[in-house]
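As you go down the protein sequences, you meet chains A and B in turn.
If you're matching positions, the first sequence starts at 0 in numbering that gives the first Met the number 0 and goes up one per residue.
If you're matching positions, the second sequence starts at 0 in numbering that gives the first Met the number 0 and goes up one per residue.
These aren't lab readings, by the way, just hints derived from the structure by calculation.
For each residue, glycine too, the CB sits at the ideal point set by N, CA and C.
Just to be clear, a hint being listed does not mean it is correct.
As the list claims (entries may be wrong) - For each label pair, taking beta carbons as the anchor points, the in silico distance ranges come out as:
hint	chain 1	residue 1	chain 2	residue 2	range
1	A	L103	B	L118	36 to 44 Å
2	A	S119	B	F49	50 to 58 Å
3	B	V273	A	Q9	49 to 57 Å
4	B	G35	A	G39	47 to 55 Å
5	B	V273	A	K167	40 to 48 Å
6	A	H174	B	I269	50 to 58 Å
7	A	P106	B	V273	31 to 39 Å
8	A	P106	B	G145	51 to 59 Å
9	B	R181	A	H174	30 to 38 Å
10	A	M17	B	L118	24 to 32 Å
11	A	R70	B	R181	30 to 38 Å
12	A	K54	B	L118	21 to 29 Å
13	B	R181	A	S119	33 to 41 Å
14	B	L50	A	Y132	33 to 41 Å
What the hints assert, rightly or not - Partial chain A-side listing against chain B, Cβ under 7 Å, derived:
hint	residue
15	F52
16	P72
17	M79
18	F81
19	A85
20	P88
21	N89
22	F98
23	G99
24	L102
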Amino acid sequence: MAFLELSGIQKQFPGGVMAVENFDLGAERGEFVSFLGPSGCGKTTTLRMIAGFEKPTAGTIRINGEDITDRSPNKRHVGMVFQSYALFPNMTVAGNIGFGLRLLKRPKDAIDKRVAELLSLIHLEGRGDRYPYQLSGGQQQRVALARALAIEPQVLLLDEPLSALDAKIRVALRHEIREIQRSLGITTVYVTHDQEEALELSDRIVVMSEGRMEQVGTPFEIYNFPATPFVASFVGTLNAVEARVVDAAAGRLTIAGHPIRTTAALSGAAGEAIMVALRPEMVTLVGVDGAAVDGANDVPATVADVAFLGSVVRVTADIGDGIRVDVDTFNNPNLAVPPAGSPIHLSFPPEAALVLGKGALPLETDRLAAAEALL
Amino acid sequence: MSSRNPAIAATITAERLTEGEAPAPPPSRRRWRFSGLIWWVVFVLGVTYFLTPLWSTLLFSLQAQPFLAAYTNTLNDPQFFKTLTYSFVVGIITTIVSIGLMVPTAFWVRLRVPRLRRLVEFVTLLPFVIPPVILVFGLIRSYGSGILPLTNTDLGSSALLVAAYTVLSFPYMYRAVDTGLRSIDVQSLTEASQSLGAGWPRILWQVILPNLRVALLAGAFLTLAIVVGEFTIATFLARPAFGPYLALIGGNKAYEPAAVSLISFVLTWIAMAVIAYIGRGTRVTVAGAR
Numbered sequence: 000m001a002f003l004e005l006s007g008i009q010k011q012f013p014g015g016v017m018a019v020e021n022f023d024l025g026a027e028r029g030e031f032v033s034f035l036g037p038s039g040c041g042k043t044t045t046l047r048m049i050a051g052f053e054k055p056t057a058g059t060i061r062i063n064g065e066d067i068t069d070r071s072p073n074k075r076h077v078g079m080v081f082q083s084y085a086l087f088p089n090m091t092v093a094g095n096i097g098f099g100l101r102l103l104k105r106p107k108d109a110i111d112k113r114v115a116e117l118l119s120l121i122h123l124e125g126r127g128d129r130y131p132y133q134l135s136g137g138q139q140q141r142v143a144l145a146r147a148l149a150i151e152p153q154v155l156l157l158d159e160p161l162s163a164l165d166a167k168i169r170v171a172l173r174h175e176i177r178e179i180q181r182s183l184g185i186t187t188v189y190v191t192h193d194q195e196e197a198l199e200l201s202d203r204i205v206v207m208s209e210g211r212m213e214q215v216g217t218p219f220e221i222y223n224f225p226a227t228p229f230v231a232s233f234v235g236t237l238n239a240v241e242a243r244v245v246d247a248a249a250g251r252l253t254i255a256g257h258p259i260r261t262t263a264a265l266s267g268a269a270g271e272a273i274m275v276a277l278r279p280e281m282v283t284l285v286g287v288d289g290a291a292v293d294g295a296n297d298v299p300a301t302v303a304d305v306a307f308l309g310s311v312v313r314v315t316a317d318i319g320d321g322i323r324v325d326v327d328t329f330n331n332p333n334l335a336v337p338p339a340g341s342p343i344h345l346s347f348p349p350e351a352a353l354v355l356g357k358g359a360l361p362l363e364t365d366r367l368a369a370a371e372a373l374l
Numbered sequence: 000m001s002s003r004n005p006a007i008a009a010t011i012t013a014e015r016l017t018e019g020e021a022p023a024p025p026p027s028r029r030r031w032r033f034s035g036l037i038w039w040v041v042f043v044l045g046v047t048y049f050l051t052p053l054w055s056t057l058l059f060s061l062q063a064q065p066f067l068a069a070y071t072n073t074l075n076d077p078q079f080f081k082t083l084t085y086s087f088v089v090g091i092i093t094t095i096v097s098i099g100l101m102v103p104t105a106f107w108v109r110l111r112v113p114r115l116r117r118l119v120e121f122v123t124l125l126p127f128v129i130p131p132v133i134l135v136f137g138l139i140r141s142y143g144s145g146i147l148p149l150t151n152t153d154l155g156s157s158a159l160l161v162a163a164y165t166v167l168s169f170p171y172m173y174r175a176v177d178t179g180l181r182s183i184d185v186q187s188l189t190e191a192s193q194s195l196g197a198g199w200p201r202i203l204w205q206v207i208l209p210n211l212r213v214a215l216l217a218g219a220f221l222t223l224a225i226v227v228g229e230f231t232i233a234t235f236l237a238r239p240a241f242g243p244y245l246a247l248i249g250g251n252k253a254y255e256p257a258a259v260s261l262i263s264f265v266l267t268w269i270a271m272a273v274i275a276y277i278g279r280g281t282r283v284t285v286a287g288a289r
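Just chain B, with the same shape it has in the complex (with noise of 0.2 Å):
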């Protein structure tokens, strides 16, 4: 019979133990155990999975002798860097004009057309259908030539890059703004800056985006990742891109694309790095009965 004393309770299993008899632990606890077992060796697993080519990837670049002349190399061509700034130059303003169309547009909709989000879900959706080698043929033969022929010019043809990359965006952007939308009260704070006297370019500006910061962060992030590797769009506008310079170098040299791919892995976790460190501390929800 169990003490309802908790006293008297302490004292008895003191007693047993004692005495050398072990309390058997609670099933509960057991599942615990069992469970946090099975979740570290799915953890190990999947590091593993994940490492063992970066692994690869860093013996075999390391191979190239002189002790680190693929890395060495890389970073003396002078190619590696224009292409990288060119590529970066392109993605960040890629991200701002993705930003420019996809908030107002993911806040419009969450606002006052709810009914036709799953319709823009889809149209932003397309880039994933149609691939790239369409959608860069479909501009040249809209702007090489008549009445706009941006493809006769570098800065036209950047524009189209950029133009290109902006539609190859709208999934990840439209995404990560509308899960920051979603994360806070849009109609209410919306409504409250109304009240207070508060057009739509400051509702944007001043209440919006700083709430959205973060997952237009997230966003951007993707945006960049997939300009600075991307090879189709600017092989076809013969554009001095990261993309055609890292498969350039891919079918002439033998260390130094691992080297690059490398250095790609690690300016990635410099750009999260970057994020987690602006983002820091923020609460994106609206505090309160939510």
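Isolated chain A, as found in the complex (with noise of 0.2 Å):
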């Protein structure tokens, strides 16, 4: 039995929506665990459903086996940081620190001891009698997320902690986050909608849509095997393509009327139009960032634009049928990129041509054999 049990959880509101609907996750004990959406899809309020902030309309949740779907908030041993950090502004920091310590009536001392260690563990150390107004966004949510240790909860439970912040404090704290996790060895449910910050904090993600959950699975497997078209777009920038099949048992497909071949499991007659994926870090621009490799799918194309990224490249071609594809190229002061309206070739591997749609995906260990073979 998992540490942290979901099983069937439903959620309606009055009105009639429908914001969680057969949610059911078993996170293991220490075990970081991510729901990743757009807004409005579920995530939060299933957050809030453990923390006991909302009951669900079905369903149980169960911590080290305790059903604890009916226990009021202040009786469920959660630890919650907010998006707005919610500090209590009347008190110092080592009182906000504290707080949850005096009421479960610790002595003073003791009190005292556990404040410095969580200051020294968030680097604020000395800065416990400051007032939360007088600390940076980035300290506040430190101090938070102290708070919330403090009372040494059975779950960590994060909202959206970083939003507020700045794009550099957001990197440092995250790796914050994630060195205390796994140093407290706490199972944590973190609520996001940046696929960056899942991808790199979990153990494993839920990606939701609609109250429902579309996929769960590692960031590996979330990112390079996206299980439905929803996953597919909404993690990594995707290039989504229509296709037609030609020969599904052999793999056999046309992109604009060029061939191409893929590994993943197709059905369908032929001339039947599908949706492929392409991940543009996947794609070579041939003769500028790689050379042509035998076996590997070759598109000829025309480049339509270049965007300087930074680190990356994107080159944007037409390959005919106004189907543009985005190609990721890392950047370096020798890359040549074409100007626009060179003709140029594209070539990506059989296996990076993702077929979207219910089971169209090979089978979970052909899938980690492929990505294997593809690093």
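Dock the two chains into a complex; use the hints.
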């Protein structure tokens, strides 16, 4: 049995809006699970149900085997970090961190010791007597994290904790969150709409859309083998192009009239239209950032646009029939990117052509083997 | 042609100044000066309008002979302090009762039933619509006899007075508390407290109330100001309050009412200074993303 278990969770708000349906998840002790999805997909509602702020319409929530579905939030022993920090403005940093411990009626010495430990953990030693308004956003969120950890909760819940911070602090703080989580080995559920955060932090990701779980898997699986068109389009940059089946059994297709091959299991009659996904970084610009490889798909194209994104240069190639494909190549000072209008060839291995749609992906073991082959 | 080089531009400006060519202030600065002038005119008019009656009252009160007689007579009158003390005590009790009713109500409405906010606002505004004389007659008829004859004793009448004043304080106290709650993220603070193990009484007492300190002081001050000067309800309940005392000396003496008015005014400013002192350096907004 998993440490945190959500079974058949459903949440319907008054008025009939179904926020979450058929949500089943088991998180092991010490696991870092992220709920990833766009606004309104039900990720925060699910988190709030774990915290006890929302009551599920159906289903059960268990922590360490105990059913806590109907338990009030203050008796769940679950720590929560909010997007808006929610630090108590009338209390100092030490007062905030020690608040939960005072409620647990711990001796003053023990509280002081624990507060000092946590201040050290979040690198805010000597700032215990400051008030929240005297701290920066990143420092406030670290205090909020320490406050949640102070009571040694069974599960730590983080509701988009980095959304209000600027980009640099966000990156630094997410490293800190991951380090602290690993060092304490605390089971953590993290809500975010930022795929980069989810991919970097999580042991497993739950991708959600319109109240449903689209896919559960490791960041590697989610990125490389999206199970649904939604996951494919939401996680990472993706070229979704229309293709036509030539020979399903042999994995032969055409894109804009150009023949290609895929290793994905195909179904459908010849001539049937399907959607194929190509990650920009899986496509090579022949003669620019690599050479044509035997057995790889080769598609002639014309450069439509070139965008410099810092470490990456994104080339948009027109392959005909109005279909455009983004190709990412690492930037280097000697990179000779052809100007717009230049003819070029795109090359990508058959494994890179993901066929979107139910049942279109290979079995789990085949997918992992294919992924390893790609690396 | 203007120079893009700041050094050259500065030199040109300096040369023009030495040649006696005064640079015309830019239009935005002229507008600012004009609006600043208007602001001062409005300010002086407002201060004059506000201070003239006070000044006139002061001059009138000083006409009593011997000099300052109106003030010494007032301060030597035992009824002055007796009624003032009674009204202050009733005011403080009213404030406590009002806070005890309004804080949990406004908190719950904001947190759990925000759709009832307009209804609660309307209910709290009723004292503006229902005259005090109606309220006090209702209280006397309800509690003058029957199973709870409160008007038969001094303590009972004082309790009725507090109840009536609590109703009168609703519009002020509810708005003050609601404004205070609006300045903090009530939901997040409540949920953060809950996740740390706090129950409702502790959330209200340790998290919400301390962050409403300034708002509560404002509400308390308004309540106190109303109670201290209230006449109708205190008179009909035959209470020895400051309002009826003011009316009494107003009808019997010439200069003393002016002195009492000014003393009340000074007390009001002292109360405001106390609020400003207690609320100094307080930040009621939730620091962070907002």
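Quick rundown of the hints versus the structure:
1. A/L103 / B/L118: 36 to 44 Å: About 39 Å separates the Cβ atoms of A/L103 and B/L118, which means 36 to 44 Å holds.
2. A/S119 / B/F49: 50 to 58 Å: Holds, at about 57 Å.
3. B/V273 / A/Q9: 49 to 57 Å: With Cβ atoms ~55 Å apart, the hint holds.
4. B/G35 / A/G39: 47 to 55 Å: holds (49 Å)
5. B/V273 / A/K167: 40 to 48 Å: Roughly 46 Å apart at Cβ, these two residues keep to the hinted range, so it holds.
6. A/H174 / B/I269: 50 to 58 Å: Cβ of A/H174 to Cβ of B/I269: about 55 Å, so the range 50 to 58 Å holds.
7. A/P106 / B/V273: 31 to 39 Å: Roughly 37 Å apart at Cβ, these two residues keep to the hinted range, so it holds.
8. A/P106 / B/G145: 51 to 59 Å: About 55 Å separates the Cβ atoms of A/P106 and B/G145, which means 51 to 59 Å holds.
9. B/R181 / A/H174: 30 to 38 Å: Given about 36 Å between the Cβ atoms, the range holds.
10. A/M17 / B/L118: 24 to 32 Å: For B/L118 against A/M17, whose Cβ atoms are near 29 Å apart, the range 24 to 32 Å holds.
11. A/R70 / B/R181: 30 to 38 Å: For A/R70 and B/R181 the Cβ distance comes to about 31 Å; the hint holds.
12. A/K54 / B/L118: 21 to 29 Å: For A/K54 and B/L118 the Cβ distance comes to about 25 Å; the hint holds.
13. B/R181 / A/S119: 33 to 41 Å: Given a distance of about 37 Å, which is inside 33 to 41 Å, the answer is holds.
14. B/L50 / A/Y132: 33 to 41 Å: Roughly 37 Å apart at Cβ, these two residues keep to the hinted range, so it holds.
15. F52: At 6 Å from the nearest chain B Cβ, A/F52 passes the 7 Å test, so the hint holds.
16. P72: Holds - the Cβ of A/P72 comes within 7 Å of chain B, reaching about 4 Å at its closest.
17. M79: holds (4 Å)
18. F81: holds (5 Å)
19. A85: holds (4 Å)
20. P88: Since chain B brings a Cβ to about 6 Å from A/P88, closer than 7 Å, the hint holds.
21. N89: holds (4 Å)
22. F98: The hint holds - A/F98 has a Cβ within 7 Å of chain B, the shortest such distance being about 6 Å.
23. G99: holds (4 Å)
24. L102: holds (4 Å)
Violation of the numbered hints given earlier is absent; every hint is satisfied by the structure.
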